Amino acid sequence: KAGVTQTPRYLIKTRGQQVTLSCSPISGHRSVSWYQQTPGQGLQFLFEYFSETQRNKGNFPGRFSGRQFSNSRSEMNVSTLELGDSALYLCASSAHPSGSVQEQFFGPGTRLTVL
Amino acid sequence: DQQVKQNSPSLSVQEGRISILNCDYTNSMFDYFLWYKKYPAEGPTFLISISSIKDKNEDGRFTVFLNKSAKHLSLHIVPSQPGDSAVYFCAAWHDMRFGAGTRLTVKP
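Protein chains in written order, with the numbering used here: chain G, 1 to 115; chain S, 1 to 108.
Among the clues, some could well be false.
To be verified - Sample of chain G residues with no beta-carbon within 10 Å of chain S, all distances over it, derived:
no.	residue
1	Val19
2	Ser51
3	Ser65
Said to hold, decoys possible - In silico lysine-lysine, DSS-like type, Cα no more than 27 Å apart, as pairs:
no.	chain 1	residue 1	chain 2	residue 2
4	S	Lys54	S	Lys5
5	S	Lys68	S	Lys54
6	G	Lys57	S	Lys5
7	S	Lys5	S	Lys107
8	G	Lys57	S	Lys71
Since the hints were derived computationally from the structure, they do not count as laboratory data. Every value quoted in this text rests on a predicted model; they were computed, and no experiment measured them. A virtual CB, placed ideally from N, CA and C, is assigned to each residue, including glycine.
Build the full structure now, drawing on both the sequences and the hints.
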């Protein structure tokens with residue numbers, strides 16, 4: 001069974017630009033969550049999608065948005081990039097929505113650098 | 001707000017000894033706790049979990065202890081092996097919150 005895949009793996013952007021990251025969950029998984037990992041902050045929850053609907057949202061500004069497609073693939077978009085957005089963005093999939101506690105399977109992440 | 005805290009950014013132990021990683025939380029709504037292990041260039045992988053109705057869960061060399069009154073949990077690895085060297089994240093569920101991670105180094 002293929003794992004969670006994220007593209008691209010590395011990305012360099014400049015301030016003010018926008019970026020779109022992609023996540024393909026494990027086959028059959030319908031829940032996709034996005035996290036931001038920065039040194040010292042650990043993993044911070046961005047949002048979760050299940051069956052194309054956003055179920056939960058973390059405490060991030062509106063510049064961070066996402067969506068999920070009918071095949072469960074998800075995209076995350078960050079507009080008007082800031083230097084502080086440089087981070088590793090991780091996507092995790094699970095078979096069930098967040099209302100049920102399940103282990104999440106993480107992708108390798110996309111490392112975004114904002115110059 | 002840091003509702004889940006791992007106050008030790010790093011820990012170094014000798015091979016064969018016990019590794020103890022600690023995690024504190026503030027939200028009494030958390031009812032499920034998980035530990036993840038992360039190697040460089042890989043996503044975190046699930047290690048072990050514990051429900052708030054238990055105070056201990058064991059899986060091979062890994063044991064998680066939960067002290068609800070103290071809002072504290074710990075991960076014990078016995079015996080520690082060099083392959084255990086990684087960053088360990090504690091996570092708490094009500095909505096998923098992670099600690100900042102502890103980098104464990106096990107020296108041969």
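Here is how each hint holds up against the structure:
1. Against the 10 Å criterion, Val19 (chain G) stays outside the reach of chain S, whose nearest CB is about 19 Å from its own CB.
2. Every CB of chain S is more than 10 Å from the CB of Ser51 (chain G) (nearest about 18 Å), matching its label as outside the interface.
3. No beta-carbon of chain S comes within 10 Å of the beta-carbon of Ser65 (chain G); the shortest separation is about 18 Å.
4. For the suggested pair Lys54 (chain S) and Lys5 (chain S), the alpha carbons sit about 21 Å apart, so the restraint of at most 27 Å is met.
5. Proximity of Lys68 (chain S) to Lys54 (chain S) is assessed by CA-CA distance (about 9 Å); at most 27 Å being required, the pair is judged to hold.
6. A hinted pair counts as satisfied when its Cα atoms are at most 27 Å apart, and Lys57 (chain G) with Lys5 (chain S) qualifies at roughly 20 Å.
7. Restraint check: the Cα-Cα separation between Lys5 (chain S) and Lys107 (chain S) comes to about 25 Å, which is no more than 27 Å; the hinted pair holds.
8. A hinted pair counts as satisfied when its Cα atoms are at most 27 Å apart, and Lys57 (chain G) with Lys71 (chain S) qualifies at roughly 25 Å.
The earlier numbered hints are all upheld by this structure, with none contradicted.
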